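Using the sequences and the hints, build the whole thing.
Counted from 1, the sequence shown has number 65 at position 62 by this note's numbering; the numbering is strictly sequential.
What the hints contain is simulated information worked out from the structure, not anything from laboratory work. Please read these numbers as outputs of a predicted model, since none were measured by experiment. Positions of the beta carbon are idealized from the N, C-alpha and C atoms, including for glycine. Hints may contain errors.
Pairwise CB distance ranges, derived in the manner of DEER restraints [unchecked claim]: (1) Tyr56 x Leu35: 53 to 59 Å; (2) Thr7 x Gly30: 22 to 28 Å; (3) Ser12 x Leu45: 47 to 53 Å.
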Amino acid sequence: MIATLIRWSIANRFLVLLATGFVAGWGVWAMLRTPLDAIPDLSDVQVIVRTTYPGRRPRSSRTK
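Now the structure itself:
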């Protein structure tokens with residue numbers, strides 16, 4: 004199957020080059036039209052650490 008595709012590509016060089024140019028042009032067009040948002044996230048990193056605290060009872064989530 005690959006050999007058939009290679010033979011077809013060699014026999015139809017113009018179509019292969021035309022298709023390659025079309026796909027490359029479409030890629031450049033898409034790259035230029037894609038909006039980018041380059042605002043970095045400057046918020047602090049938040050990490051929740053759960054650990055045991057010997058000698059203390061667990062705190063209830065309903066503390067006042």
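Consistency of the hints with the structure:
no.	hint	in the structure
1	Tyr56 x Leu35: 53 to 59 Å	holds, 57 Å
2	Thr7 x Gly30: 22 to 28 Å	holds, 27 Å
3	Ser12 x Leu45: 47 to 53 Å	holds, 51 Å
Violated hints: none; the structure is consistent with every hint.
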